[in-house]
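Engineer: Residue numbers (the working numbering), protein chains in the order written: chain A, 1 to 350; chain B, 1 to 350.
A hint or two may mislead.
Since the list can't tell identical chains apart, any single copy or any two copies may satisfy a pair.
What the hints assert, rightly or not - Below are the DSSO-like pairs computed for lysine-lysine, each with C-alpha atoms no more than 30 Å apart in a straight line: (1) LYS240 x LYS170; (2) LYS320 x LYS175; (3) LYS320 x LYS170; (4) LYS170 x LYS346; (5) LYS342 x LYS320; (6) LYS346 x LYS173; (7) LYS173 x LYS342; (8) LYS170 x LYS342; (9) LYS346 x LYS320; (10) LYS320 x LYS240; (11) LYS320 x LYS173; (12) LYS173 x LYS240.
No wet-lab data here; the hints were simulated from the structure.
Protein chains: 2
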Amino acid sequence: MEHGWAVIMAGGVGSRFWPLSRRARPKQLLDLLGSGTMLSQTSERIGSITPLSRQLVVTGEVLGDQVRALFPDMPHDNILEEPTGRNTAAAIGWAAIHIRRRDPNAVLMVLPSDHHVVDVARYCQTCEAALSAAQEGRIITLGIPITRPETGYGYIERGDRAEGQVFDVKAFKEKPDLETALRYLSAGHYFWNAGMFFMPAQLVIDELTRFEPELMAALEALNRDNVDQSLVRSVYPGLKSISIDYAVMERTQHIGVIPGDFGWSDVGSWRSLWDFRPDGASTFSGGDVIELDGTGNVLFADEGLVATVGISDTIVIHTKDATLVCPREEAQRLREVVAALKEREKETLL
Amino acid sequence: MEHGWAVIMAGGVGSRFWPLSRRARPKQLLDLLGSGTMLSQTSERIGSITPLSRQLVVTGEVLGDQVRALFPDMPHDNILEEPTGRNTAAAIGWAAIHIRRRDPNAVLMVLPSDHHVVDVARYCQTCEAALSAAQEGRIITLGIPITRPETGYGYIERGDRAEGQVFDVKAFKEKPDLETALRYLSAGHYFWNAGMFFMPAQLVIDELTRFEPELMAALEALNRDNVDQSLVRSVYPGLKSISIDYAVMERTQHIGVIPGDFGWSDVGSWRSLWDFRPDGASTFSGGDVIELDGTGNVLFADEGLVATVGISDTIVIHTKDATLVCPREEAQRLREVVAALKEREKETLL
Numbered sequence: 001m002e003h004g005w006a007v008i009m010a011g012g013v014g015s016r017f018w019p020l021s022r023r024a025r026p027k028q029l030l031d032l033l034g035s036g037t038m039l040s041q042t043s044e045r046i047g048s049i050t051p052l053s054r055q056l057v058v059t060g061e062v063l064g065d066q067v068r069a070l071f072p073d074m075p076h077d078n079i080l081e082e083p084t085g086r087n088t089a090a091a092i093g094w095a096a097i098h099i100r101r102r103d104p105n106a107v108l109m110v111l112p113s114d115h116h117v118v119d120v121a122r123y124c125q126t127c128e129a130a131l132s133a134a135q136e137g138r139i140i141t142l143g144i145p146i147t148r149p150e151t152g153y154g155y156i157e158r159g160d161r162a163e164g165q166v167f168d169v170k171a172f173k174e175k176p177d178l179e180t181a182l183r184y185l186s187a188g189h190y191f192w193n194a195g196m197f198f199m200p201a202q203l204v205i206d207e208l209t210r211f212e213p214e215l216m217a218a219l220e221a222l223n224r225d226n227v228d229q230s231l232v233r234s235v236y237p238g239l240k241s242i243s244i245d246y247a248v249m250e251r252t253q254h255i256g257v258i259p260g261d262f263g264w265s266d267v268g269s270w271r272s273l274w275d276f277r278p279d280g281a282s283t284f285s286g287g288d289v290i291e292l293d294g295t296g297n298v299l300f301a302d303e304g305l306v307a308t309v310g311i312s313d314t315i316v317i318h319t320k321d322a323t324l325v326c327p328r329e330e331a332q333r334l335r336e337v338v339a340a341l342k343e344r345e346k347e348t349l350l
Numbered sequence: 001m002e003h004g005w006a007v008i009m010a011g012g013v014g015s016r017f018w019p020l021s022r023r024a025r026p027k028q029l030l031d032l033l034g035s036g037t038m039l040s041q042t043s044e045r046i047g048s049i050t051p052l053s054r055q056l057v058v059t060g061e062v063l064g065d066q067v068r069a070l071f072p073d074m075p076h077d078n079i080l081e082e083p084t085g086r087n088t089a090a091a092i093g094w095a096a097i098h099i100r101r102r103d104p105n106a107v108l109m110v111l112p113s114d115h116h117v118v119d120v121a122r123y124c125q126t127c128e129a130a131l132s133a134a135q136e137g138r139i140i141t142l143g144i145p146i147t148r149p150e151t152g153y154g155y156i157e158r159g160d161r162a163e164g165q166v167f168d169v170k171a172f173k174e175k176p177d178l179e180t181a182l183r184y185l186s187a188g189h190y191f192w193n194a195g196m197f198f199m200p201a202q203l204v205i206d207e208l209t210r211f212e213p214e215l216m217a218a219l220e221a222l223n224r225d226n227v228d229q230s231l232v233r234s235v236y237p238g239l240k241s242i243s244i245d246y247a248v249m250e251r252t253q254h255i256g257v258i259p260g261d262f263g264w265s266d267v268g269s270w271r272s273l274w275d276f277r278p279d280g281a282s283t284f285s286g287g288d289v290i291e292l293d294g295t296g297n298v299l300f301a302d303e304g305l306v307a308t309v310g311i312s313d314t315i316v317i318h319t320k321d322a323t324l325v326c327p328r329e330e331a332q333r334l335r336e337v338v339a340a341l342k343e344r345e346k347e348t349l350l
């Protein structure tokens, strides 16, 4: 589809993969599964639908050099560097006006850069269907079939009406408590919201202008050729920080959802890597690992070796300058470690 | 005592402190307790009895540069570099003929370089007593009071006769099984053999000549001024490899033992560091460590940080290129890891 443009959202920060992830190396720039960084995987996946020349990456200034190094063949003009994070509405709004200047009929495929997809062929089929549906003048989001009562994701409640693969959206739901999540799971007409949106550039600009006029008015300063980074720096800090979900998705009348059953994972923590262990293996190993008399571990060595003996159900992450050890089912407590690092002002390790 | 000469035995290899210890950085060159390397601690301890000019270090060629760097003020002639390990009889024999050329009345204090002493003042008093007793023409070994039924050490059985602090030696005992070790512990007249010997240079040469004439005949080639390292390389590989215990101590008629109650530890494994945790602490920490919700750990970071959360009774050792994790009471299983490294030919990590 010649008007399809990928907008790869690579501005994320986060420390759920500390000590491998750092401020200067967030999750999307990690190669957790030995198949390339999650960002380059995202680009490759969508590559059969849209070439590099129609892929944009929206990222943080601090990551710009790394992103350019990752995509030597991507036009530099396709890498948008945010001086500071202003959430997804600003990022998508900027990308939309940037792309519309080059293709007034562009249809955006907004894709997070830090998710994993098992069945790439099916993923591409779904994206193509969503792209076609969006081209008709709608916003299409992908709904991920629920497999567990996850309290860490937002949900999409679909309606009963369907037009082809596209269901009505009844409501977007915030992260639920466990009881609610269990209800969503058994109800059968809820999806996870994975943050993947397909929509004409003009439509999202129209909707942002309608719902968040100040944000779009401010972004209008970037609606010109040859935008200098110093201009971005003068505009960006003043932008309203709001998610595209709040700003548009929950308010627009033009939204539909297509189920996306292609084996999706947000790879949310070291614990989640355990789900990617090879068939028959009881431990996930990344990098150079020696595990003796152990089971149920997540072991990862970045430029070095992890050796365990007599250790089970434990996460061990080695990097050159830091090692993390915690029980496998307590991966979320990593945030306590990161808090302690901040408190002790270990800036080089954050 | 102007004829007292320290012979610091620093040829040891070993992997019980892997990944911190490597072939090129054995235990005596580690700073496990944050007070300097065990070798430099050994030199400092004996420093009040004998100056650096009368301290010799016998080490491996591969460690020569590191030892010289550790002792910039030690005469280079005092560092004897073995091209290959030939056990303690050869090392002590060489040191004895080397020192006798400089001081025919020298009394040697043979000291392992990788042990820890708690009460340094008492240690020095004991060494001075042993030195005085040895000067009268005896070999004096220090006997360490037994505190547990250790099966990893050799033992000394003392006789009933004492002359001052010096007891007769009834027998040297090899590493016992647990039952025997328990018997030694309850018997009350056994000591641990810590490999510390005090004796006139001439006496040990005489005894070695008597019991191991071929060894001493071969070492005679080094009995000259200005021994070139190439000469050492031509002599050393042909030397008989035998311990001083077998060669002399178990055979000589001239031996006595002085009890050494100064808080001795051979710091034999990562587990043993737990005994050195500060008063009131339940974990031993070395280097930069963050321990959240844990107890009973041995945590060590070499140039970097170890962070644990929800982990107890575990050994975690971080170095730049390798991390080890094992249960605290299974530290001896480290040898399985080292065997696996050898099998996988991870030469740079050994």
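Engineer: Each of the hints needs a verdict: does it hold here or not?
Structural biologist: Outcome of the hint check:
1. LYS240 x LYS170: Classified as within; 27 Å inside a copy, 88 Å across copies.
2. LYS320 x LYS175: Answer is neither; intra-copy 36 Å and inter-copy 40 Å both fail.
3. LYS320 x LYS170: neither (49 Å within a copy, 53 Å between copies)
4. LYS170 x LYS346: neither (46 Å within a copy, 58 Å between copies)
5. LYS342 x LYS320: both (19 Å within a copy, 22 Å between copies)
6. LYS346 x LYS173: For LYS346 and LYS173, neither the intra-copy (37 Å) nor the inter-copy (52 Å) Cα distance is at most 30 Å.
7. LYS173 x LYS342: So LYS173 and LYS342 fail the 30 Å test inside a copy (32 Å) and across (55 Å) alike.
8. LYS170 x LYS342: neither (42 Å within a copy, 62 Å between copies)
9. LYS346 x LYS320: both (15 Å within a copy, 17 Å between copies)
10. LYS320 x LYS240: Cα proximity of LYS320 and LYS240: none, with 39 Å in one copy and 43 Å across.
11. LYS320 x LYS173: Cα proximity of LYS320 and LYS173: none, with 41 Å in one copy and 45 Å across.
12. LYS173 x LYS240: within (22 Å within a copy, 80 Å between copies)
Comparing the model with each earlier hint shows violations of hints 2, 3, 4, 6, 7, 8, 10 and 11; every other hint is respected.
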